[in-house]
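Here the protein sequences come in this chain order: A and B.
Count the first sequence with my numbering and you get residues 1 to 259, in order.
Count the second sequence with my numbering and you get residues 1 to 637, in order.
Take the hints with a grain of salt, since some may be wrong.
Simulated pairs of lysine-lysine, DSBU-like, Cα-Cα distance not exceeding 30 Å [said to hold, decoys possible]:
no.	chain 1	residue 1	chain 2	residue 2
1	A	242	B	493
2	B	467	B	24
3	B	596	A	46
4	A	46	B	495
5	B	179	A	49
6	B	555	A	25
7	B	179	A	25
8	B	253	B	467
To be clear about the criterion: a stretch of chain A counts as covered by chain B if any three or more of its residues have a C-beta under 8 Å from a C-beta of chain B, and this derived list gives those stretches [said to hold, decoys possible]:
no.	segment
9	30 to 39
10	56 to 67
11	111 to 124
12	147 to 160
Derived Cβ-Cβ restraints for the label pairs, each shown as a range [as the list claims (entries may be wrong)]:
no.	chain 1	residue 1	chain 2	residue 2	range
13	B	418	A	29	51 to 59 Å
14	A	213	B	252	51 to 59 Å
15	A	136	B	90	27 to 35 Å
16	B	476	A	43	36 to 44 Å
17	A	222	B	523	52 to 60 Å
18	A	208	B	213	25 to 33 Å
19	B	491	A	26	30 to 38 Å
20	B	213	A	234	43 to 51 Å
21	A	245	B	476	25 to 33 Å
22	A	192	B	342	52 to 60 Å
Please keep in mind that the hints were generated in silico from the structure rather than gathered at the bench.
Virtual Cβ for every residue (Gly too), placed ideally from N, Cα, C.
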Amino acid sequence: MNLTLFVWRQKGPGAQGGLEEYQAKDISPDMSFLEMLDVVNEDLIKDGKNPIAFDHDCREGICGMCSQVVNGVPHGPRERTTICQLHMRHFRDGDALYIEPWRARAFPVIKDLIVDRTSLDRIIQSGGYMSVHTGGVPDANAVLIPKHDADTAMDAAECIGCGACVAACPNGSAMLFAAAKVAHLAQLPQGRAEAAQRVCVMTEAMLKEGFGNCSNHYECQAVCPKGIKVKFIAKLNREFLKAELRSCGTPEAGTPSRD
Amino acid sequence: MILDGRCPPGSLSEKWERHRHEMKLVSPVNKRKYRIIVVGTGLAGASAAATLGELGYTVEAICYQDSARRAHSIAAQGGINAAKNYPNDGDSVFRLFHDTIKGGDFRSREANVYRLAEVSGCIIDQCVAQGVPFARDYAGYLVNRSFGGAQVSRTFYARGQTGQQLLLGAYSALSRQVKEGTVTLRPRTEMLDLVVVDGEAKGITVRDLVTGEIRSVGGDAVCLCTGGYMNVFYLSTNSMGGNVTAAYRAYKKGAFLRTRAYTQIHPTCIPVTGEHQSKLTLMSESLRNDGRVWVPRIRGDRRLPREIPEEERDYYLERKYPSFGNLAPRDISSRAAKEVCDEGHGVGPGGRGVYLDFADAIARLGEGTIRERYGNLFEMYERITAENAYERPMRIYPAPHYAMGGLWVDYNLQSTIPGLFVLGEANFSDHGANRLGASALMQGLADGYFIIPYTIADYLARIKPGKVVRGHPEFLKSVEECKAFVGRLLSIKGKRTVNEFHRELGSVMWENVGMIRSRESLAGALKQISELRAEFWKNVRVPGGEEELNQELEKAGRVADFIEFAELMIRDALHRNESCGGHFRVEYQTAEGEAKRDDENFCYVAAWEYKGPEAEPELHTEPLLFENVQLAVRSYK
């Protein structure tokens, strides 16, 4: 199959970018989307031009590095599928594809389709963890975790940190990303001790990084390649409210009770 | 030279305990004065950097990805082994140790493997405390599954994403240390060289992948946690960026590389579909708990799998290895698959595939149970092949997956260069000639959480912190050399792209140095690779400039190293005149076609020393002594 691509090209962080047209010829339907771009890049290099820069690594849909908006949709048209796992059989011969980087205030473009997502790392660094040292922990079976809680925590923990939720959100909010981590840890008995403080510092970090707020568009859930549900945002809000009522994150707040 | 692994004396179970007390310590007030550089943030790197930071050392962690959370440990699916014996099915530290030694075809170091088995339980405790949501039963207890090469259930798992959850656990511990200020993270940074001053590792030279700046980083010790080298085959289950550069450049600076011929070809991957293919995708070994492997008995049978009656199917693993059946170890299962395909029984395009069938398991347990156990794997399979594995069997074929070889290390995980430590897949010590499933995650985390924090102190306590500063001539020299290397790549301006060279390298390696090797195939490959190397340096085209984000330049450097590295790998395979584990030489096999070891002549670790660009490397050996297990023919029948 043959396709026409309009790809965002931008030399560097401050540079003016724009869409450029390319032809992708003799594409096999069994190729992945990124393999199609590999073919285009090989041609560009042979023509003496600079190839399109894009982030990718595992190409198995788990590392979260690939990040492209195809025809306005982060990770392209297929549900629960990263762009690296999207195959060309889902497109038609002659299609025109507009390929752009994640767009959000907190994700400045570095080059072409590559953006800087270290803001997501900084949200985790603000407190998205259990404060546990290596060693000196109880036996793994000492604290029982009901199956339902473990499963729900896992549903949230599956987040790959790609940032598609932010790119899809009209407000550029990282609420689904932060909520997945808050919900994952708050669902487990080990995570309750710091739950109040965690939700407060992570929310604050999110605002500081320039992410917008959530106004329930649910675009994030629609594009999430791991199917993380917006119910976790409700969980974050509940956790936040509980913490606020106990005067957010201050030492006096103490440990909130189970409910 | 005979290498000494410096294993502590005493009985197996006393060694680590005793060694921990005999090693030197660094006092809490002095720890922050020592700067440790950790390269790579996978399971080994992230856990090491986090733990060393917790202890109070000053740590600088670098990775080539845009975030420390993305290293390829994240793609491990099936699980992590630990000798917890929760199911009460006869597991013990000794049994895990024994299984691992036997699985490795008696080519690993007893003391290291025993220590690994000893700390395995602590890893699970640690991960649970971090919030890793392992699978549990309705009463809230942890559950286990089985993996290849074991007759007990000792594998802990988090759906089909165990590696992801363990890595995110280590990443969260690392993030906590970033906040504490003990760890500085440098993503999008690649190591290009090791800086050795007066024979000791004192820093590295890196390239900032965004700005292109080449600079050096000084420290008191360096930990390489840079994974394996299976991308030497071009197509592998490794991430696209996975490379041998850090390890190979350390080798050029004097660290010995150990038996690289031990390469693991994973039996259950999605088959190749065409020339365009950029990587291969693994289907977890855990699927073999419930899936049955078979091929049609009739050669070239083109009927749909469901139309082939039971008596016309060959469940060859169950037939050949009745006691382990579909859970035979990886090297054995892979060769068996290649064999049946070579005989013309293969299925799918090009006849390069075998069926992995879940029909019996679905009939027995219901689709819901199978979906719960492997749902994400079935989805991934469907995405890539457009086939529904609940209705028709998966097609699978072996693919390069894991490197058992790596930089030689002693019991302290220290290489032949003092101050250079090597952790995880990048070292060699625990898996011998073949790694058992669910053991890589165990080893990476054992090295990072529970071994390096002790052993590195023993080195640091003997040196003065901050002795070597970055202005030292060795640092300047290293930066100049790296700049010259990059400049040379850019100046060739040839006709062929980096990918074309990489693909050609991969095809030579896969055909001649893959699952089955012979003296002829290896000698032929050696010649082809040396020609390829010459052509690469004359005819490669690397577009763009030096001081910018330039992905082709990154790839070019990695492929240049892979080409040189491939020659070493072949030399190693040529010298090892025996078959063991992942190294199968046609000249050395039993009447039944199984690997035939030669313990008389090859029961040693081969470690190679760099002798210059055109000189042949020099072989050193470390004899392997087995005091606690009987050297035996490895049988899974």
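Hint-by-hint comparison with the structure:
| no. | hint | verdict |
| --- | --- | --- |
| 1 | A:242 to B:493 | violated (63 Å) |
| 2 | B:467 to B:24 | holds (19 Å) |
| 3 | B:596 to A:46 | violated (48 Å) |
| 4 | A:46 to B:495 | holds (7 Å) |
| 5 | B:179 to A:49 | violated (42 Å) |
| 6 | B:555 to A:25 | holds (24 Å) |
| 7 | B:179 to A:25 | violated (49 Å) |
| 8 | B:253 to B:467 | holds (20 Å) |
| 9 | 30 to 39 | holds (count 7) |
| 10 | 56 to 67 | holds (count 10) |
| 11 | 111 to 124 | holds (count 8) |
| 12 | 147 to 160 | holds (count 8) |
| 13 | B:418 to A:29: 51 to 59 Å | holds (55 Å) |
| 14 | A:213 to B:252: 51 to 59 Å | holds (53 Å) |
| 15 | A:136 to B:90: 27 to 35 Å | holds (29 Å) |
| 16 | B:476 to A:43: 36 to 44 Å | holds (41 Å) |
| 17 | A:222 to B:523: 52 to 60 Å | holds (57 Å) |
| 18 | A:208 to B:213: 25 to 33 Å | holds (28 Å) |
| 19 | B:491 to A:26: 30 to 38 Å | holds (32 Å) |
| 20 | B:213 to A:234: 43 to 51 Å | holds (45 Å) |
| 21 | A:245 to B:476: 25 to 33 Å | violated (59 Å) |
| 22 | A:192 to B:342: 52 to 60 Å | holds (57 Å) |
This entry does not satisfy hints 1, 3, 5, 7 and 21, going by the numbered hints stated previously.
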